[in-house]
Amino acid sequence: MISKLIYFCSVLAATAAPSTLFAADQSVHYNLHKEVITINYPEAGYTSSVYCRGKFSTLENRETDIVYTELESIGELTARYLNSGRKYKDLKEENVHNTSAMGTSFYNGMNKYVLSWPFKGNPELHFLYAYKLNCKELMTLSTLMINDIQHTDTFEYDVRVPKGMLLYFRIPAYAGSLHTDSTETSEGKIYHFRACPSEKITLPKELEDYESYNYAPRIIRLIVVPLSYRAKAWACLNNWFNGTMNENHGLNPASLQILDAVVKKASDPDTIASRIFNYVKTRTTYIDVENGLGAFRPRDENDVLLKRQGDCKDMANLLCEALKHYGVDAYKAISSTLSHECKMDFPSLASGNHMICVVRQRDKWIFLDATDPVCMYGFPSMHIQGTGIYRIDDKGGEWIAVPKVPLTLNRSSCEMNLVPVEYSLAGSVSYCWHGLSRHDALQLKFSESPADFILSIHKILENTARNTSFSTLTETETDSATCFKGDMKAANKLALFDGKHSVDLNFLPFPHKYPKKANPGTRIITYQTLDNRFSCRISTGKKIKLKPVEPVSFDKDGFRFDFKAEQTNEQTITVSYSYSYNDVLIPAEKTKSYFELNALIEYTLNQMLIYTDAL
Amino acid sequence: MISTLSATAAADSESLCLAQKKAFRALKNLFRIRMLNPGLGVILFCLANAATVAAQVSSREFKWAEKGKYDAVADTFHSEDAILVSKDVYFTVEMNAANAGKDVHSNIFTHLKLKILTPAGIRTRTQINIPNYTSSEIRTLDARTIKPDGTVIDLNAADIHEMKVDIPNGEQNGVQLLRFSIPGVEIGDEVEIVILQTTKRLYSYDEVFLNDEASFCLHSSYTKSLPLGFVTETKCYNNMPRPRIDTIKGQRVICWRVSNLPPKRAEELCVPEYEFPFMRYAVRKIPYTWSGTQRDYQYDIAVEPASWLEYAKRLNRTNGLNSDFLQARITKHFNDQFDNYLTYSRNPDTLQRITRFFTYVHDHIHVIDVSESEYENSVDYYLKNNQVMESLMFSFFDRMFKELKLNYFLGLAKNRYTGEFDKEFVTIHSSTQEFMGFEFKNHFYYFFLPGKKHIYEFGEVPIELGGTDAILISRNNIESPVRKFTFPVSDKQRNFSKTNVFLNIELKKKSITRKDRQSRSGCVSTNERFGLISGSEKNEEFLADMLRDEKENNSGYVPDSAKIVVAEKTNPFLFTTEKNFHPKEGARQIDNNMYAVSVSGLIRHTVLPYSGGKRTTVYYPRFCYSDVQKIYLVFDAKVELMNADQLKNAWTGGVGTYALSATQINETTIMLDSNYDVNATSVLPADYPKIGELNAEALKAASLQVVVKVKD
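Read top to bottom, the protein sequences are chains A and B.
All residue numbers for the first sequence refer to our numbering, where the first residue is 1 and numbers rise by one.
All residue numbers for the second sequence refer to our numbering, where the first residue is 616 and numbers rise by one.
Keep in mind that a hint or two might mislead.
With beta-carbon atoms standing in for the labels, derived distance ranges [to be verified]:
#1 K513(A) / K1166(B): 42 to 48 Å
#2 K87(A) / D964(B): 21 to 27 Å
#3 N31(A) / K1229(B): 56 to 62 Å
Residues of chain B clear of chain A, computed beta-carbon distances all greater than 10 Å [said to hold, decoys possible]:
#4 A772
#5 S796
#6 Y996
#7 S1046
#8 A1182
#9 I1205
#10 Q1261
#11 A1265
Stretches of chain B that chain A covers, calculated by requiring three or more beta carbons in the stretch to come under 8 Å of a beta carbon on chain A [what the hints assert, rightly or not]:
#12 738-748
#13 1124-1134
#14 1210-1219
#15 1309-1315
By construction, these hints were calculated from the structure, which means they are not laboratory data.
Note that the structure is a prediction, hence the values are computed from the model and not measured.
Idealized CB from N, CA, C, for every residue including glycine.
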């Protein structure tokens, strides 16, 4: 079972699927997960009495974990199992040990009790355990789990809310039975939730595939607020961040000295903002330390600047404080990244998983996400575009929509100029990637040595352009584009038979890098709108006649693909194709069209052109 | 070149450089303070440079020299991610004189100075994880960044995060892990790290490379200090320089220094023991004053055996199991289950009995990962379910030989990727694998015990042992001298993969049906056979995996069924499978009577691992082999192959060969023949790119199309 606390953090951790999904062990099956949660009032925090019942069906991995954060403590732990005589027996103390719960963060301060269940008797072992979880911070009561990887049959929750407090919750569209009601008592109100999931969460096979797994809804989001925040739950969340989580350190002289050197006496807010943003995003190493309230509270901005390391909230806070110092209208904002399972549409701590800085310039919002070292000033980062953020201020904050980077700015183009060399095609190639389409290249450039960078680009190109080798690749970079030029050779693509020549097109690059196949119900995040164009000119060096080729066109559910191969002059064949998609993720309901188009592209780019020598 | 150095209490007294002496005196003082004042917080000392260590006044954190010393490095290194300016390791074994023989501990002090040269260097070299196993304690840990102007940014103790991790399979729970990120690092900065670990363990054996794993190292030193009276043996390999030796206050101090060491990168299929200078040392004897402890069981095995005879004697004493209870249960189980199996066979000779017994255990007994105590708790359940922990296998076979009253040998073998077996340097760490052997009718037979990780058939040589030397210790006459034994080299004739793909192409129906038959033999078939020892359930899993793999392959063919046709248990261990596929859309018409059939995804050779880039060490392929793939295209009409020239290739590059040809076998059948052969047993760094070229040739074939013309 996982802790209630969904870590609020970082783009890197956030882009990964919830780490607990990967830590989960499928050899165990839970029949029941039940919690009675009591809100401590007027004291802060809450107490949860947890009861779990389940069974193992194999002899492998006979362990269950109770994970808790630095804000939580576990007490009154009892664990029992059914022995071969069908009697419950207490789990021995020596079979319970405490260790850290590793996640994707650099440090999360989480611990877990590991219950090691005995191997005796039948591989099937029934067990139950119960414990009391105390948490000091009420705001972290933000989720109730209603589906999990262990395929728990039933989840039951009673949330006891005392008079003087209010509970708001958001139920997801849910496959299964979900029952909610409430009972009034003399002490307040008890909310009952009972969920029996029918849709199973399927896991990606590899951690790298996290962007394409089945997002079966697994949580109810909630927030408990004092009565004074009736109908103003967003304000409560805002004030928590703005108050409790906002330690104002103030920039010290050493920091100001660094920042002055960065700003270089600029007075225009745009110039100041872009200089500081570029400095922070390129000079700060991403290190996410998220223990306890440290998961939400930024560290001292002076420390972050001096040590050149921090996570999303640290960088957002540093940017915000630095920009405010130079008179720029800047705020911190909570956001939900594209890969996060919830949107920023409900005032719960679980809704967001990221923090950025926003700047108001000429009546427009500029989104500064310094965790993405290749995020361009003036554009949202690839992780948050198309989502929403909640801006934190001292007036209750506000929700702001984040636009997508338009596809015209993300254009990727590839031009090949080839001539026949024996059975092969060889010549020059140039790739030009604009906007977010250059993200991978910039990321590599940022993180690798120059030699490794070019080697990695070679590998990327050779993976997309099938059966093609590249050489002498050189890179040029401008503010808006990253381009590569070099030579390419596609071996054994030409043939001559019966006086006819054939050109096998199966060396042409597939027009996108996303999975060609996936399980039904999968959503795919592209992280960018797509406008990918390809052109291949084959100069035969003699007069020819190309056998006409049917153009191909596809336009459905936002996907567009066009292909044509034609004779553009007496000696030249030009093959051009393009692929566009004006969104940053492909929801499950559109994947049918997406896969249909993939199959069409595969077919189209595997055809052979036929030409004859012209008389 | 190999040089040996045996040290005793009366060893030579080469003088140690002054700085070194100072360093050790300082370290000794510190440790003495620590021992006499257990309540003292953190030990402190100051590093003026790598070689000089001086005691300092105590405070809560490690105290560095006031100003960082920034070192310039040559431009030639600037393409590296980082280089080590210096790496110094001081290893001290000490004892408390007041409590001789009881209070012994080892201190390992490491001081690293690293220059960061690229963003990748920042990413990979400044986030540090230090695991600390429960037998040791990290007493001091500190790090700092030195800027080019000499200013420093210190790591705060609060930024060192302590975690506990469990090592998988229940090997150890709650291992301390210290994690921190060095603050304020930019390209061109230097980072300095010091770690002092102390342990009650003796570390009676070690193999020491002075190289860094990842970076070029300008200066590296390793210093060992042991109390006088320890008898040690040290052996240097690959021109490792002879050390300086000195005696300082009852300690014998040995120091090796080397400059300009290339990184001991973990390049695939390399053998660092052939490439870099290194030394091995073993503690053979501890002082007489410790004799009380020496009789203690733990200490007895803590020092290294001085001879193979001593090694054999120890083995006889432990016999694989620590628990008498378990030993008794195993004996009973053996008597109940296996005795009958051995005794009531219908007049087989001894060899047949052994192979049958081996086959039975190999096929029916499953090795599981549990601790000895856990196993002991439920031993009857496990034995009933034919589950044993790995160390019990030894007992089973030991018992078998005893039953058969047959002399046998314990073989010690060494994985060739960890260097050669040095028979002259006796240590319990010499071997990486053990095996059993016996002589029968003037023939020597051997087998490896079935285990969790290696499941070899009777007489089969594990891949990593082909051509290596091993030694044999007689189990019945331990006084007899050890024998040398060389495993046969695994040859190409035995190691092959043959795949036949049959495509039935119906041009009119526009349909292709596919059937594959694949045979693998020798080393090539090992991986397949690993999945199959545990009975039908595993077989199904294996076949399901095979189908899944085929589904994910980009051939466009959807697999339908698979079965195992042959699984031989004797040399050359042939393993054959058959796969059937759903019919798929047919050949593409490219002109009036012209069709193209894609062989994309059908030619899939098992190629040598190759990651590109510059290589600095010799590459040792795991074995030589031949991978032959034949694709038969059978049409429902008379056809003529039109692009035979395009489907022709012959590449030779020393490492191996690749050949492709297309032949019209008859009027309706065309055969593509693709051969990938590995001939080299080693590849020099300069020839490494040839592996890439060889693989590229094989890869090119994977995208071909066969063009045919339908005859009238």
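Worksheet item: Any Cβ of chain A at or closer than 10 Å to S796(B), or is the non-interface label fine?
Response: violated, 5 Å
Fill in: Status of Q1261(B), Cβ more than 10 Å from any chain A Cβ
violated, 4 Å
Fill in: K1166(B) and K513(A) - C-beta distance against the hinted 42 to 48 Å
Given about 21 Å between the Cβ atoms, the range is violated.
Worksheet item: A772(B) clear of chain A by more than 10 Å, beta carbon to beta carbon?
Response: Holds, since 14 Å exceeds 10 Å.
Worksheet entry | Reported absence of Y996(B) from the contact zone with chain A (all CB gaps over 10 Å) | violated, 6 Å
Item to complete: Check the non-interface label on I1205(B): least C-beta distance to chain A beyond 10 Å or not.
Response: violated, 5 Å
Worksheet entry | Range hint compliance [Cβ, N31(A) to K1229(B), 56 to 62 Å] | holds, 57 Å
Worksheet item: If you look at each residue in the stretch 1124-1134 of chain B, do at least three have a Cβ nearer than 8 Å to any Cβ of chain A?
Response: Coverage by chain A is violated here, the residue count being 0 at a Cβ distance below 8 Å.
Practice prompt. Would you check whether the claim that S1046(B) is not at the interface survives, using Cβ distances to chain A and the 10 Å cut-off?
Written response: Non-interface label on S1046(B) holds, nearest chain A Cβ at 30 Å vs cutoff 10 Å.
Item to complete: Could you check the hint for me, namely that K87(A) and D964(B) are 21 to 27 Å apart, CB to CB?
Response: violated, 53 Å
Worksheet item: Counting residues of the stretch 1210-1219 of chain B whose CB is closer than 8 Å to a CB in chain A, do you get three or more?
Response: With 3 residues closer than 8 Å to chain A, the stretch 1210-1219 of chain B meets the three-residue bar; holds.
Discussion item. Cut-off 8 Å, C-beta pairs, minimum 3 residues; does the coverage of the stretch 738-748 of chain B by chain A stand?
Written reply: holds (count 3)
Taken one by one, the earlier hints fail for this structure at numbers 1, 2, 5, 6, 9, 10 and 13, listed in ascending order.
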